[in-house]
Structure formats: structure tokens, C-alpha cells
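Here the structure of chain A is known, so what remains is to put chain B in place on it, guided by the hints.
These protein sequence lines map, in sequence, to chains A and B.
Under our numbering, the first sequence is numbered contiguously, ending at residue 474.
Under our numbering, the second sequence is numbered contiguously, ending at residue 257.
A hint or two may mislead.
[As the list claims (entries may be wrong)] Cut-off 20 angstroms, straight-line C-alpha distance, at most; resulting in silico cross-link-like pairs (SDA-like, lysine to any residue):
id : chain 1 : residue 1 : chain 2 : residue 2
1  : B       : 99        : A       : 309
2  : B       : 181       : A       : 336
3  : B       : 156       : B       : 204
4  : A       : 19        : B       : 177
5  : B       : 181       : A       : 447
6  : A       : 469       : B       : 34
7  : B       : 181       : A       : 359
8  : A       : 398       : B       : 177
9  : A       : 396       : B       : 92
10 : B       : 181       : A       : 402
11 : A       : 398       : B       : 92
12 : B       : 181       : A       : 445
13 : B       : 181       : A       : 12
14 : A       : 398       : B       : 91
15 : B       : 181       : A       : 11
16 : A       : 19        : B       : 192
17 : A       : 469       : B       : 31
18 : A       : 396       : B       : 90
19 : A       : 396       : B       : 91
20 : B       : 181       : A       : 397
21 : B       : 99        : A       : 385
22 : A       : 469       : B       : 32
23 : A       : 380       : B       : 83
24 : B       : 99        : B       : 62
25 : A       : 398       : A       : 11
26 : A       : 380       : A       : 309
27 : A       : 396       : B       : 177
28 : B       : 181       : A       : 15
29 : A       : 380       : B       : 145
30 : B       : 99        : A       : 310
31 : B       : 181       : A       : 20
32 : B       : 181       : A       : 436
33 : A       : 202       : A       : 174
34 : B       : 156       : B       : 28
35 : A       : 469       : B       : 30
36 : A       : 380       : A       : 68
[Stated by the list, open to error] Covered stretches of chain A (in silico footprint by chain B; criterion: 3 or more residues with CB under 8 angstroms from a CB of chain B, positions within the stretch not fixed):
id : region
37 : 323 to 333
38 : 445 to 452
Hints were generated in silico from the structure; no laboratory data involved.
Glycine residues also receive a C-beta, built at the ideal position from the N, C-alpha and C atoms.
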Amino acid sequence: MSAGETIWVDNPPFPANAKQAVNDAQLRRNIRNATSTIRQRRATMVEELPDWQQLRTAGAAIKDEVLAHLDRYLEQFEQAATQRGAHVHWARDADEANCIVSSLVAATGEREVIKVKSMATQEIGLVEALAKRGINAYETDLAELIVQLGHDRPSHIVVPAIHKNRREIREIFLREMGDAPADLSDDPHALAEAARRHLRRKFLQAKVAISGANFAIAETGSLLVAESEGNGRMCLTLPDTLISVVGIEKLLPTFRDLEVFLQLLPRSSTGERMNPYNSVWTGVTPGDGPQQVHIVLLDNGRTNVLRDQIGRQALRCIRCAACLNVCPVYERTGGHAYGATYPGPIGAVLTPQLVGVEHAATLPFASSLCGYCYEVCPVKIDIPTVLVKLRHDVVKAKQPSAEGALFAAAGAVMRGRRRWTRALRLAPLMRLFRHGGPPPISRWTAVRDLPEPPRQSFRDWWVSRSVTKRGDQQ
Amino acid sequence: MRVALFTTCLVDALFPDAGQATVQVLEHLGQPVEFPLEQTCCGQMHANSGYFEVALVRRYVEVFSSYDAVVVPSGSCAASIHHQHPMIARAAGEHWLAKRAEAIATKTFELSQFLVDVMGTDDVGAYFPHRVTYHPTCHSIRMLGVRDRPLRLLRKVRGIDLVELPRWDQCCGFGGTFSIKNPDVSAAMLADKMEAVIMTGAEVLCAGDRSCLMHIGGGLDRIRAGIRTLHLAEILASTEPGYGTNQLPTDTAETTR
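Isolated chain A, as found in the complex (with noise of 0.2 angstroms):
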């Protein structure tokens, strides 16, 4: 399975995705909802650290040594672990990595695994391509269970069954689980009993778990992985074999570089002061935990992120998901109109640059760069900037369209002040299309008038006033 097949995008467009998904109003309720509760929390816990923006300014900086030196601290961190008793492997692209899980897999002689939730597998599409070799992968985060009972997909990055609301899920449990009480209400504590009874037994049994990192440290070959369930660790502890899928931009050089980032991340992703767990490993420990333990450090596109001095900042992260809380884009379409792994802002800026601009094209537009998403980045990353770049290079990667020919043209009249000035004596033909008119003017005028033309421009008005001033100067 190529990157191509398991990153989707474009196919349909985002605006047409977009188009079905504001008209959803159970979605349009469900992301409102619980998007503007996330932001509140955010906000409270953030406005409560007087040095947040110190903070911010240092995780950017940190992971920017990072991106600077990463062959230097993927060497380093595959030595520590190595060290340590881990397994590191290399994977280019989602294709290796994805071998080489199955390899590992397929070699204990299992054929299920219980998973954390990760981003990284879900990039690859892991699920899908262990089911091919016949291995059965159990998501054990509970809305990634959701998901998954529900044959859909993820639309958040922390929150990946937020399009869903516990009516909606009780359905699911009920007619997928296949354990779930008879009685089943869609109180929230119920449902988490339910997936906890469920989800027990998948604990108990597996021998191999999956999972990601939040972060991996360069000097000492750990990895961290942050939560609120529990899950993880079970995950995490329980198995001989652990297996986790590591992107290489995690990297952080040393243990004390957390200080920072366990401030960052659950004040901007959760909107709690600390995870509930923060899970912690070093290769292997004799005789406690997981005693098989593999490191996939994958690439799949991020070297080439790197190469573009404005675009590479969006290796620096986290994957807080804070952008998408904000954004008014996602707010109203949800994550799977973006048709990628990465959703809202961060998708936008990440998929094109991971899958090439020209198979994400509408992408980079699909943003009224309001410059939120920027304002709450915890490690200061420009989206707004990044995806003004990124429509440059679409547009530069285009054949000669209608539309490039229209700003070309506009560009020309606004070069020279003759042209300039008599293009602006056009202005009262708007009248013409002031409540409707042909495409594109129609996109406009579907839902709003055009402003009634002036009599005259300002420069016009200007000369005369100086001209009449002139005269009652003499």
C-alpha cells in the first residue's frame, strides 16, 4: 500500500465535501458543541500560566533545533534505545513501515494486536494493511473504538469521533459491539462502562500492542506516550511485544525538554493542566513490561517537508489539535471534508506538503486565513503564512487557467495608474450585478449583495477637491 492510496485527498475537492457537510446539521451541532467546549477549557488553562508565550516561544525553538539537526538526533536516539534493549527500524515510507509492523507482528505467530491511539498509524493506514495479512488490530482508545465499531472514519485529531454525539454512539455499541448491554443508555458513564467491559478482555488476551509516540527523546531513547484514559498503559505494560510507530519529527534532544512540552500539550489539546497518564518507556526493562520492544521511525514524506524553508515549521507539531478547536472552517465542516489523516489548519499546511501540493490542491484554500490557528499553536506555527505559500506553489504548479488569466489581467490594470484610474470609472456597471450575476459573481451574490457603486472613485474626488481648493485658494 502506497502513501497515495492511503492518503486521500482531493477526490472529491474540500469545497465539495465541504458543500455536504454544512448542510449536516447533526454534524454542524455535534462539532459546534463540543469544538467551543474544548476552546473554553483551552483558554482557561492557558490564560492561567503567566509565561504561556515564553513557552511557546520555546517549544518552537526546541523543536527547531530538532528539524535543524534531526540526523543527528535520530542517530543519537537509536543508539540510546538500541542501548537500552529496543529494536529501531528504519521505514522511508508507509509502505516499509508497514511491513515491517507486519513482519514483527506475523513472527510472534498472533493474530491480534490491541492499539493506542496514534496518529502515525493512522497516516500509514496500519489497520488496513495488518488486515491484509490476515492480524486483527483492536483500537483500544475509546473514540477510536468508535470509529472503528462504526466502520467510519476519524475527523479529529485528539478527539477522532467528535462528528458523533452519545445517542450516536450508543447505536454503534449496540449494534457492533456485540457485548453491549441489552439496556444501554447513552448516559456518557454507561458508555464507558460499556467499552471498558469490552475492552477488558482484549487487554487480558493480546500478547502484541501498537502504538505511537507523543514524544522521543534523543539522549536517552525513550519514548512518551500522553493520555486520559488509561488505555495506553494498558497497552503499553500489559503485552510481551510492543511495537510503536514513531514519525521522526517527535524527536526531542533530552529528557529535560518535556518540562516544556507537558505544559504545551494538555493545556492546548485537552484543556488540562497535566494527562491523566503520562507513559514512559526505555527499551526494555527486564522482567517488567513488554520484553520484545521495537522503534519504527518513520519518514513518509517529512524529509521533504524539511527541504522548504517556510513550509518545514509545520514539522514542529505536536498534534494538539488546537488549531482545529478554533478554526472556523472546521467548526463547520468537520474533519472529513479535509479527505486526509491530518484535518482543519495543520492539514491543511501538512498533507500537501507530505503528499505533494498537486494531489492536495484546494487544500491550502481551504482557509479564510483568520490567523487563529497561529494565535493558539503551542509551538508557534505560522498556518496562515504556510498556506499563503502553499497556494503560491499550487498556483504555480497549474496549467494556464480562466482564473490565472483574470489575475493576470487584474494584475496588469493595477500596474500603471492610467489603466488603473479608468478601469475604477467601470465601477458602476456593478450595478448591474448587484443581486445576482454570472459565475463566478454568482458564488458572491448567492447569498449577498454587491455594494452600491459611487458616483465617483476616491481618486476622482480627490483631483477635484484639489482642484476647487486651488481655486479658492486664488
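Using the frame of chain A, we list chain B on its own:
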């Protein structure tokens, strides 16, 4: 101090009242202002659509480099001049132009910034006895950082009934060509913004960007909401009958260039 007005192409073409009001406010404060006729557009619409018009960056730099300050009645265009001009110049490999663009950006002020920071006042002596709500445009607060300067100016207006806009931090959904390329999302955002504006009971919606006002105002007009949109400058230029005068002072600058 030689001060130039960069009206922006939108105000020049479609909303001259906002430009005239800007001139009035400045002259009322005793600050002459010039309007170099060679100016056209900052190139933001092009840039945000992916077309980098380095010629428009060069034009801005050349037209305004001889002034001590440039006043722009738009947070969005001022932000573009600050943040996008150097990037566009660099993308074209014109590093010298990028340096000059950065230098001119430091002298380029959005109207409320110029009034509060350069002129040192938040009371321009305006009188506007109407119920007004203010929409802080995204680029003015997030890219440019005008903070509460426009509100400070509005609070000092005599007779004004200024009401807070609910969910004021939300984008109106304009986004330049975003409104054309993603019309459905844009319309959904516009609907929520209009609802917030209507809920205030205001008769006037005010902002520092005519572009966002064209968008929200276009929606309000379509549903016959009976709410006017006015640029910040237009409210600041309103004076009490007999207090000020709409006649222009005679000691103002001449047309230049």
C-alpha cells in the same frame, strides 16, 4: 511630518467615503495628508490567492518611500504590507526589495494605530449619536495587533451607544477569494456573524476594514436587516452640528505626484 494616505484599492474603487473620512479625521487633528496618485493596490488579493505580484510590492515601495508615515484605513492591507511584502519579494529572489519593503512597513500604520500611537490621541472630537457594534477584523487583531485601539477611539465618541458584539473573535467568512472558492463555508460563517450583529440591536456595524464590512454588509442588505455598515473613519469623522464642519480646512496639502 509628511504623511501619505494609502486608501487601498477597494476604498479607492468602491468605498471613497471611508477614504474621505480618513482625510477629514487627520486634517481635523491638524495633520495634513497627501494622496500619491501613483498608488494602486498592495497585492494582498493576489497573494492570498497564490499569485505573487512582486510588481505591486515594488510599486508600493517606490510610491511611499519618501514619506515619514503611511496611513492605511485597513488592518488587512496594512498587515499584508507588514508581513507579505517581504515574503513576496524574497520568493521572487529580490532580497534588496524585501529589505526596503521591511523598512517601509515600519512606517506603515493602520488608521487606529496612527491616531493612537503617532498622533497620541484616542479622542478625535467625534459625535455620533447611534447604537453601534464593532467587529474587530481578524487581520487587524491577529496579524497586525491593533488590540483595543479602535475601541478606545470609539468609546471617546460623544453620544455613541457602543454595544459589544457577541463572539467578536470569530471570522466573518470573507477571506478575500475564500468567499468565492469556498462559498458554502463562507456563507455559513457569514450567517453566524450576521446573527451576532442583529442580536446587538445596533443600527450600525463598524469595523476597520471595508472588505469585511462589504461581506457582512452584503449579507445584511440581502436579508433587509436594516443595519448600516460604516468604516471606523466614518464614525470618527462625524461631528456635532456646529461643532466641526464638513468644509475642508484651507491649509491642507496639495495633490502630489
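Using a Cβ cutoff of 8 angstroms, are there at least 3 residues of the region 445 to 452 of chain A near chain B, or does the coverage claim fail? Check passed, 6 qualifying residues.
Below or equal to 20 angstroms on CA atoms is what counts here, so check residue 181 of chain B against residue 12 of chain A. Roughly 14 angstroms between the alpha carbons, so the hint for residue 181 of chain B and residue 12 of chain A holds.
Assess, step by step, whether the Cα of residue 396 of chain A is no farther than 20 angstroms from the Cα of residue 177 of chain B, and give holds or violated. Roughly 18 angstroms separates the two Cα atoms, so the pair holds.
20 angstroms Cα cutoff - pair residue 398 of chain A, residue 11 of chain A: This hinted pair holds, its Cα atoms lying about 17 angstroms apart.
Is residue 19 of chain A within 20 angstroms of residue 192 of chain B, Cα to Cα? Given pair residue 19 of chain A, residue 192 of chain B holds - Cα atoms ~16 angstroms apart, limit 20 angstroms.
Does residue 436 of chain A lie within 20 angstroms of residue 181 of chain B when you go C-alpha to C-alpha? holds, 17 angstroms
Would the pair residue 396 of chain A and residue 91 of chain B pass a check requiring their Cα atoms to be no farther apart than 20 angstroms? Distance ~12 angstroms between residue 396 of chain A and residue 91 of chain B Cα, so the pair holds.
Would the pair residue 19 of chain A and residue 177 of chain B pass a check requiring their Cα atoms to be no farther apart than 20 angstroms? holds, 17 angstroms
Has the given pair, residue 181 of chain B with residue 402 of chain A, been kept, meaning a C-alpha gap of at most 20 angstroms? Given that 20 angstroms is the threshold and the Cα spacing comes to 14 angstroms, the pair holds.
With a cut-off of 20 angstroms on the C-alpha distance, tell me whether residue 181 of chain B and residue 445 of chain A pass. holds, 13 angstroms
With a cut-off of 20 angstroms on the C-alpha distance, tell me whether residue 99 of chain B and residue 62 of chain B pass. holds, 13 angstroms
Is residue 181 of chain B close enough to residue 15 of chain A, meaning Cα to Cα at most 20 angstroms? Given pair residue 181 of chain B, residue 15 of chain A holds - Cα atoms ~7 angstroms apart, limit 20 angstroms.
When held up to the earlier numbered hints, the structure conflicts with none and fits them all.
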